[in-house]
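With chain A fixed as given, assemble chains B, C and D onto it according to the hints.
Residue numbers (UniProt numbering), protein chains in the order written: chain A, 1 to 430; chain B, 1 to 430; chain C, 1 to 430; chain D, 1 to 430.
Be aware that one or more of the hints could be misleading.
Treat identical chains as interchangeable: a pair holds within one or across any two.
[Said to hold, decoys possible] As a list, the in silico PhoX-like pairs of lysine-lysine whose alpha-carbon atoms are at most 20 angstroms apart:
id: 1; residue 1: K236; residue 2: K120
id: 2; residue 1: K328; residue 2: K73
id: 3; residue 1: K383; residue 2: K137
id: 4; residue 1: K383; residue 2: K222
id: 5; residue 1: K73; residue 2: K87
Derived by calculation from the structure, the hints in this document are not laboratory data.
Letter by letter, the chains look like this.
There are 4 protein chains.
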Amino acid sequence: MNEFIKKLTPYLIKMRRHFHQYPEAAWTEYVTTASIAEELKQLDFNLYMGKEILKAEARMGMPSNQEIADNEKRAIAEGVSAEWMEKMAGAFTGIVAAYDTGRPGSHIAIRFDIDALPIKESAEAGHFPADEGFISKREGFMHACGHDGHAAIGLGVARFIHEFKQRLYGRFTLLFQPGEEGGRGAKPMVEQGLLDSADYFIGGHIGIHSLKVGEIAATATKFLASTKINASFYGKSAHAGLSPNEGRNALLAAAAASLHLNGITRHADGHTRINVGKLEAGSGRNIVADFARMEIETRGESTELNENYMVPEARRIIEASAALYDVKAEIEMVGTAPSEECSKEWVERIQESVDESTAIHRVIPELTMGASEDATYMMQRVKQQGGSATYMIFGTPLSAGHHHPRFDYDEAVLPIAVETIGRAVLKLQQ
Amino acid sequence: MNEFIKKLTPYLIKMRRHFHQYPEAAWTEYVTTASIAEELKQLDFNLYMGKEILKAEARMGMPSNQEIADNEKRAIAEGVSAEWMEKMAGAFTGIVAAYDTGRPGSHIAIRFDIDALPIKESAEAGHFPADEGFISKREGFMHACGHDGHAAIGLGVARFIHEFKQRLYGRFTLLFQPGEEGGRGAKPMVEQGLLDSADYFIGGHIGIHSLKVGEIAATATKFLASTKINASFYGKSAHAGLSPNEGRNALLAAAAASLHLNGITRHADGHTRINVGKLEAGSGRNIVADFARMEIETRGESTELNENYMVPEARRIIEASAALYDVKAEIEMVGTAPSEECSKEWVERIQESVDESTAIHRVIPELTMGASEDATYMMQRVKQQGGSATYMIFGTPLSAGHHHPRFDYDEAVLPIAVETIGRAVLKLQQ
Amino acid sequence: MNEFIKKLTPYLIKMRRHFHQYPEAAWTEYVTTASIAEELKQLDFNLYMGKEILKAEARMGMPSNQEIADNEKRAIAEGVSAEWMEKMAGAFTGIVAAYDTGRPGSHIAIRFDIDALPIKESAEAGHFPADEGFISKREGFMHACGHDGHAAIGLGVARFIHEFKQRLYGRFTLLFQPGEEGGRGAKPMVEQGLLDSADYFIGGHIGIHSLKVGEIAATATKFLASTKINASFYGKSAHAGLSPNEGRNALLAAAAASLHLNGITRHADGHTRINVGKLEAGSGRNIVADFARMEIETRGESTELNENYMVPEARRIIEASAALYDVKAEIEMVGTAPSEECSKEWVERIQESVDESTAIHRVIPELTMGASEDATYMMQRVKQQGGSATYMIFGTPLSAGHHHPRFDYDEAVLPIAVETIGRAVLKLQQ
Amino acid sequence: MNEFIKKLTPYLIKMRRHFHQYPEAAWTEYVTTASIAEELKQLDFNLYMGKEILKAEARMGMPSNQEIADNEKRAIAEGVSAEWMEKMAGAFTGIVAAYDTGRPGSHIAIRFDIDALPIKESAEAGHFPADEGFISKREGFMHACGHDGHAAIGLGVARFIHEFKQRLYGRFTLLFQPGEEGGRGAKPMVEQGLLDSADYFIGGHIGIHSLKVGEIAATATKFLASTKINASFYGKSAHAGLSPNEGRNALLAAAAASLHLNGITRHADGHTRINVGKLEAGSGRNIVADFARMEIETRGESTELNENYMVPEARRIIEASAALYDVKAEIEMVGTAPSEECSKEWVERIQESVDESTAIHRVIPELTMGASEDATYMMQRVKQQGGSATYMIFGTPLSAGHHHPRFDYDEAVLPIAVETIGRAVLKLQQ
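One chain only, chain A, in its complex shape:
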């Protein structure tokens, strides 16, 4: 194992930096998916893409048709072949790699999320990707959550399976999932049935907490349930000087909604979150704004808190804010993730499996997640049918928090993650 990992490391770093330069937001991961596909094609996997892996109607939070078309043009311009483009046409991004050993054994599903964020990456000196010349080539988009690393780790795990295939039993499914941000990609994969026969599920994230490289958490806890909501307000434009009273002001309705949403009362039963992350309203300064669009998310320590408290509160406030300014509100649910718990058995399993590692020197049994992850949909499905699921955290110092323009991590975490998953897989063969 050590030898394999050592040889693999430059590849992981190369791929991570490649992905980092081509960040693509949810449902537009054309270049990313194609790069992964090209890599996987060289190994012994059956590849599945498009509608085979995503239930079309379960996809949420889709870009506009215009955005999809623009991104497809961009992907072609950036060199994605017609073969791959055809499979992904219409925002069916992501890829699934399956390998059947032919020997009886369990079915292990492992998930890697691959999307980036609409954040403008820092170009300042001292920001590692800037200094090293692999900063984002797409202004306004950035791998600010480490999914570039996740994609690279996935390719590493694929190589591990390929390399160790003689020692393995049963079946393997590697899910390179689009649209984790916004809770959009896991559900359509689950609903397509990809996890239906899985006995074990492994997911994970690099960073999150300020752990050191070599420290990992066997399980994560406190996944916040989350719902992603788009709200639009439609009013009536008017000349702001001549006839302001003839307008119905959608911008003010959205501003009011932002403040009042932000004031949803804290709940005694557990942590909740509310964020209006994006707001666009109005077309010009001397026109009463006739539209506004907001991107909102709610979270709760439990699915109950999120879905039965935060979401109804948000709905009521959006409607009432529209009424305040006599405009019309439209509410669309565009993403969601439940809360879920890891199966307890993984604590001992991971501790034992990495026992002989020289790189992994500390296994924390359970670490608070404190964020949302739609991997919970996959965990839920696997557990529902009697399987067992975990979600690990792979420690690395961070130069700035997740979703920050200067977010970065120590690439030494990449081989650690591949090794941890590899050793867990081997352990499951026993």
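Relative to the frame of chain A, chains B, C and D by itself:
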């Protein structure tokens, strides 16, 4: 005159519809300016463009360099010749046409504004430009204030001067002004000295009030003084689930500013206006927004009310809203127009000059404007140096208010406007 | 006349200072009414009080039964006799004095409002009533609008009629109206029919504008129509630490309503006003507030603007603010005044009538009121039945604006007002 | 023990109902304190009151002098003797009862809080105190948190010590604390040194969670640290119709502060709370409000979260809200409680001590408090000097949540609480 106007009318309609299809917002009127230039070239005018007519540093509310470059590319793609592009390079749009009769007489300046608005035109049946096939070809932009008509009227007035030149004395300056919306284009023309020797100033607007075709106002009153303000808020992004408290929320600061600006107390001394017409904030739903941008305008019945009450109130509220959410505010003044009054003598002058018209059947001495117009800068300059200024309103029914996606007017107002100005010019020769 | 006025002046000042010391808010003017009654008893008037002069069900904005009871106790403690108390029992304050000359002639109604405000008077040096020792004896209440002077002027006019009765014809009705503040007292007097046979109506106010003593306005214009609204919010209390989510927060609903009401868009057709003047919410800091009460007023340059724009906007905003916080709103209309115009004939009448005065040296034909006055109900009624009405302004410098804790005026305005009304009455005899 | 408790029960109920009828808010517990004093006088305790038990300058959140005077008058009217009134004069309420067995042993301090809340009690049928005729006799005040029970339990514990004195060693201090609501009374008792020699501290609360009678928690956890803040805004009054722009609106500043305070971002490190529980602003509807007063509290799961996050956020928001409306803010800290933890040893101690009880059938080791309690000041002091502290919860079903107008509990909890404390005391003798 009647014969001339009759012959001119199809040309006015043709040009108006042409301009309507190529709406261009302030400082990007490349196609519009070039079309005007092409028309004027055929007549006996000296043409002036670029830095000859606009004091560079007096221009306000400029688009970004990117937007300027994009629009220049667009203009070239739409067929504007290199000759014109060179003169306008860097957002120096607009054109001035001068004619000197060679005979002693007064200097008459006449102004036509030519910019459009960032409004998406209605494509519904019943909207005349849609029905007649001359709807905007630039999605998201529209001549929703009638400046397409103003440009056509300007060309009509140029033809009038050309046609009647034997009967005219003194000098004529026709100013095709960019950037009236936002109060951006008049000041740099005035500061370039274009009005410095003018004895008379004529400006005007079609529509405004629900007059009938054939009804005009000899003078307009109650121009609201106005200031255009851009406010930006800079906070700190953070993961909205993991560490919301580490963010500093620029979106909420802007939302608060919007509501509190809107609540600036009414003033006992006269009418005031406040509008936050555009707001953009944040990059994604799960990120605490680290920036927000707002486009604001204040107005006052007097320059005093606007500049000494509304603007300082707005400044204080923007700063305090930033303090509420611990973010940084930047305030930029991007446009302005004073209040001004027409010279009283024009009431009688216009009444007498149209006395023999068969088309103009009613002259209202004075009509309330109720909006802002940076023509007031030109009026101010001409009056300051002892000249006399008016701003007329040319009646036409409107299908929807100014700045509305279904704004339209009766094209019969176009020849009426040319005739009114023509007759006023003739009257001034006596 | 000059002799009469000269002799009257010390009496006017004495009475004004007396009223100033016993300020009583709307519907609690027991001491004030009784003092007026005592004075009038000495003259040749028939006095009317209680339900004779106020239609019970037309009274609006009543104090609570507890407040009425407390004030009646107070009035008795301050020496009001049982005779007067009986007539006023249940908040039927105010008094009407009628005099019939027995000679044919017109019926002239003259109105004086007598109520004070819930404002704490300044006790600082330099505040004239404090310096002169006639500051309010009721903490929290103050004659901050000059109605102490109006009551004194009314007594002066009564003495004038008494003194000049041999020269007078027709009938006179002096209305000492309760509850002008809040637009509460005029309507029940009008609906009781007191103005039904009046040919002329005279009302007026001291101060308002910064005129000098000796300057008066023959008519006032731009009475703002006004509506007085009470809004209550009912939520649910909860322990703010243990179970904040179980509460429904009426305080926040009221706070939201305050801000959003304040943001009602300005109207192109004329001036409007909105004020939330009083807000009380919640019972303790660690309890989610389960109630809130607000006192609101709207105004409009026209009755149309007030009643068809401001009031419906206010209603919608109050309801939507309740919805924002899931509480219940109750809206109560507690006062109202229409806009009205003075009859034009008074300009010449007043100018001629004061022609020989040595004290009144300037008559302004028309002065903008800019405030609301329920005298407009009386003006409306008199004009409706063919009569003629005016509302004059009696100039005096003010030490601070109306409704300010340091409000005061020059008492020299008191004889001026009596003289003006007296001369107008004499003029009407001709 | 069983016999003693059985005999004691009617007394507990009688006393609880007595206290319930005379609810008194913080620093005005004159009648309550006197009633306790009268009861204790009959037993073998030394009683301490006034400045002996409260460090004057450590008292926070005092009523106004007027309120203190009014309450002292009321207490005298309700029959409190001059002897007691003298000791309590100036809001020095509360009483401490000390008993020294004369035998060597530890010093046990037990605390009972006795204040009520400014809540209007429900008089509806079905509300037990209403049905049974012991509803509050002071409108607007109510024992809505169970401190009437705590006072009765304290008297029961006093009787227990009196009864069992032959079996006891060491010293006992019973603290009947005023002003727990608002975190006002514990600190001045602690700073007066009353806990300085205590080896053990016992506090507790009835209700809180929906436990059954007979269920108790040996320790409580998650006391929220809390700070109580008064904010005042001072603006400038003006006539809302005539000159609204001359006012500076304190009501709107307070409304803005309420909303923006309510929106203080949730913190990733733990639970926080914010409540604006009371707001009073303005004097009348047609006057721009020149003052506003707010009662606020912040809480945090840790003292750190409260004092270093919530309080500075609240300060900034209050100041910025004042700046929004150009008014002046004054901030006063009027109460505070740290977070604290119970000593772990009490879990086993309580479990063993009630082992033989027939009434107490379940001991929960640790229960989340979720609220604030200034008993934490006493716990902190005792632990700092090497002692050991607990805070127990005595289960009872509640008819409505704490601080609700229909709050009530099963009186069967009263003997349970006395028995629990009694058995713990006996256990400490071993």
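Hint check results:
| no. | hint | in the structure |
| --- | --- | --- |
| 1 | K236 to K120 | between (33 angstroms within a copy, 13 angstroms between copies) |
| 2 | K328 to K73 | neither (35 angstroms within a copy, 38 angstroms between copies) |
| 3 | K383 to K137 | neither (40 angstroms within a copy, 56 angstroms between copies) |
| 4 | K383 to K222 | within (17 angstroms within a copy, 33 angstroms between copies) |
| 5 | K73 to K87 | within (15 angstroms within a copy, 34 angstroms between copies) |
Of the numbered hints given earlier, the model fails hints 2 and 3; all others are met.
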